[in-house]
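Student: For reference, the chains in residue letters:
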Amino acid sequence: MIIFPEALLEKLEGNPMILMITLVLFCLFILFHTLYIFIPLYTCRAQKRVYPAKETGISVLIPAYNETLVIENCLMGILNADYRNLEVLFINDGSTDDTLATFHKHLKLTKTSKPKQGVLDHKKIKDVYRSQKYPYIWVIDKENGGKADALNTGIDFAEKEIVITLDADSILEPNSLNEMNLTFSDDSVAAAGGLVNIVQGFKHSEKKWIPQFNIPGLIRYQVVQYLTAFYLYKTAQSKLGALTVISGAFGAFRRSVLLQANGYRITVGEDMDITLRIQELIGTTLKGKRIIFVPQAVCYTECPASLKNLYRQRIRWQKAFVDCIITYRKSFYRKINFTASTYVLLDSLLLGTLCAYSMLMVPIIVLVTMDHFQLLFILLTISTILAIMQDIATLIVSRRFGHFYSFRDYLALILFLPLEVLFYRITGLFFVTFGTILYFFDKDGWSRSERIGQPIMFDTEVKVNVRDTLGG
Amino acid sequence: MSGIRSEVKMMKKYTLANLLFTVTFLVILGPLGYWLYDYVFNYGLAPVAAKETLSDSNISPLSVNRDFSKVKEGYADKVTVLMYHHIIPKDQLQKQHFTEDGKLVDMVVTLEEFTKQMNYLKKQNYTVLSLKEFELFMTKQKKVPAKSVLITIDDGYKNVFEFAYPVLKKHGFYAVHFIITGSITDKTVAYDSSSLQYASIDEMKKAADVFDYGNHTNAFHRRNNNGVSYLLAYDREKVKEDLAKANEWLGRSTAFAAPYGEYDPTTLDILKELNIKMAFTVEKGYAQPSQHILEIPRYGIYPFYTMEDFKKIVEQNGDLSHKENEQMGDG
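As given, the protein sequences belong to chains W and Y, one line each in that order. Mind the numbering: the first sequence is residues 1 to 472 in the numbering used here, read in order. Mind the numbering: the second sequence is residues 1 to 331 in the numbering used here, read in order.
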């Protein structure tokens with residue numbers, strides 16, 4: 001008998017299936033990312049913004065849990081906001097550190113009471129304070145219940161038509177509230193997301209924020225990632241009506257819509273959750289309303305400075321994402337519109353999460369089978385070059401919104417891009433993969449990343465106090 | 001006014017930047033996209049079975065029938081039938097062409113060895129018969145020179161068309177190529193040593209001046225999960241249907257070879273019913289007109305044969321079974 005290498009036949013007959021799946025996913029990936037480049041590129045232009053004379057009332061809600069290190073920065077942003085028809089509610093969510101004392105120090109708080117609607121459930125209120133120095137600022141001291149609970153408390157107390165939610169480390173740009181006011185002068189806008197920049201990526205002197213790139217690699221990566229995520233991805237999603245996350249760092253909602261949504265669900269991914277909930281409403285009772293992204297409304301927030309903290313943050317994000325997908329699994333294509341559902345399921349879930357495994361698997365498969373080396377090379381080359389082109393598009397688009405770097409920084413950026421694509425993005429894949437796996441094993445472990453609390457100094461009254469506090 | 005003017009200026013700047021970016025994007029990613037497309041369609045995708053059949057193309061079987069009446073050397077009473085599968089140049093051999101202990105698998109003969117063997121046949125004035133001539137010899141209608149061989153190749157691999165065909169053509173040799181008709185592809189693609197490629201219909205047509213095509217089943221060149229050849233595993237009707245389909249595809253029913261050389265009496269009955277004139281086995285031996293014409297023996301040429309071994313086979317002296325038992329694992 002002759003030995004016929006059947007294994008050879010079978011191996012090659014089995015392969016095309018895996019190959020076809022890989023290629024289909026890859027083409028989808030290319031399609032999405034090409035859209036992310038060209039939609040913003042051809043639709044974004046700097047316009048002269050004329051703010052409406054009428055200031056619609058804005059309630060700003062800031063949940064704070066053990067935020068001593070950063071809350072002053074946030075407060076400074078609030079004090080600098082160029083807006084009159086405003087109330088600011090800090091919700092102290094049972095902090096165990098000096099957060100409440102910090103409020104006392106800067107705001108001259110007195111105990112008072114504030115009418116509330118009592119439509120949303122939340123943990124028990126301890127006290128309500130009002131600032132004597134800035135009468136539009138309130139501090140609500142309550143028992144710890146998590147961020148979603150704190151936001152629900154805020155909504156219950158809020159009196160104005162527009163509700164803006166910030167993180168305790170978000171620093172508003174002075175004109176950001178005017179931008180949101182302008183945005184909401186369009187009645188079809190139900191909710192809007194602002195643009196979030198990374199504090200560490202800026203030099204700040206006087207009242208100016210100047211982008212700079214002379215920063216550690218890990219932060220460089222996040223700066224580029226945020227710029228791409230906001231200027232390209234969110235812009236494109238907004239144009240397509242597919243925005244599915246309004247960042248918790250800077251979101252704006254009509255209060256009536258938040259109430260119709262029954263406030264926030266108690267979960268850690270509360271920002272994606274509320275956005276999907278509003279998308280559901282738009283698909284059912286709020287037909288014709290929109291969720292949009294406003295790149296002109298800017299805030300600044302800290303990003304993790306160490307790999308460990310970045311890991312914690314990203315694992316939390318990924319767990320929150322998986323949680324939302326599971327919660328809303330029945331709403332896609334039914335209550336939530338076609339583009340938003342497609343975006344979440346194809347781009348975020350299939351390409352972003354499930355493909356993360358396959359992307360990590362591809363090199364392994366190739367090494368094991370010793371086959372299709374050339375294909376691997378082609379795919380890697382295309383995705384690398386596409387990523388670099390995307391980063392360049394980010395720089396072009398962000399420039400149109402006044403995000404200028406110096407010549408030296410641009411040079412550093414260009415040199416950084418290949419490293420970003422080849423090293424940091426792979427790291428990102430690992431985060432996504434681990435986060436998804438960890439979700440199913442450890443649902444409740446929402447470890448939070450540590451705040452840094454780099455003092456941001458402006459030429460305001462608070463400045464002196466901040467210096468006193470931090471010994472700067 | 002100036003506001004509008006500056007806005008127009010800005011728009012121009014944007015349009016220029018967008019255009020520049022778009023062109024750069026297309027210039028860089030266009031060729032890359034084409035490269036991917038080319039790779040996928042040449043190597044990646046499962047080849048599509050030929051839409052056209054050989055019988056559609058009106059290519060008639062080789063009708064070479066030479067006059068051997070003036071041969072001085074005398075006539076053969078038996079003819080050596082050689083059997084090959086893959087012919088691949090040494091430098092194109094891949095991991096899958098070797099067994100675990102580093103020997104070439106039995107089905108592969110390097111192009112270098114094959115060329116040497118053909119050169120030898122040429123130099124020694126061997127007559128390489130056409131299928132027609134061999135058929136006439138087997139049916140006692142024709143005498144062939146004493147030094148005659150019939151070359152057969154199984155399966156229809158692309159490498160045979162790529163590498164063996166030019167050598168055979170150069171020497172004016174003929175060969176019988178047993179084709180698994182269902183695996184012949186629609187498109188001719190570039191040769192890729194890392195994958196198992198079957199020939200395309202166009203390649204078959206082009207090589208019809210050297211190759212005569214035989215039936216090697218349509219899609220039954222497989223084993224089931226228990227390792228039984230489809231020819232034996234399936235019932236009579238199914239097997240007959242498959243072989244008839246291959247005949248129809250080829251537009252002829254001259255010769256047949258059973259996959260893996262495995263067949264049973266039922267198979268022979270089917271061959272008779274399908275009016276197949278000759279069938280070849282993988283049993284060693286020399287072809288004689290007295291034999292059963294549906295069980296013609298063949299000498300497989302294996303990579304571990306030296307030139308001396310090859311000479312012994314074609315000279316019809318010497319028993320190499322000892323060597324084979326040693327070399328082939330399950331003997």
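No lab work stands behind these hints: they were computed from the structure. Check each hint, because a few of them may be wrong.
[What the hints assert, rightly or not] The calculated lysine-lysine pairs, modelled on DSS-like cross-linking and capped at a C-alpha distance of 27 Å, are: (1) Lys72/Y - Lys9/Y; (2) Lys13/Y - Lys239/W; (3) Lys9/Y - Lys48/W; (4) Lys13/Y - Lys48/W; (5) Lys142/Y - Lys9/Y; (6) Lys9/Y - Lys147/Y; (7) Lys122/Y - Lys170/Y; (8) Lys48/W - Lys12/Y; (9) Lys203/W - Lys160/W; (10) Lys239/W - Lys142/Y; (11) Lys239/W - Lys12/Y; (12) Lys311/Y - Lys169/Y; (13) Lys169/Y - Lys312/Y; (14) Lys142/Y - Lys78/Y; (15) Lys160/W - Lys124/W.
Student: When the structure is checked against the list of hints, which entries are broken? Sort them ascending.
Tutor: 1, 5, 6, 9, 10
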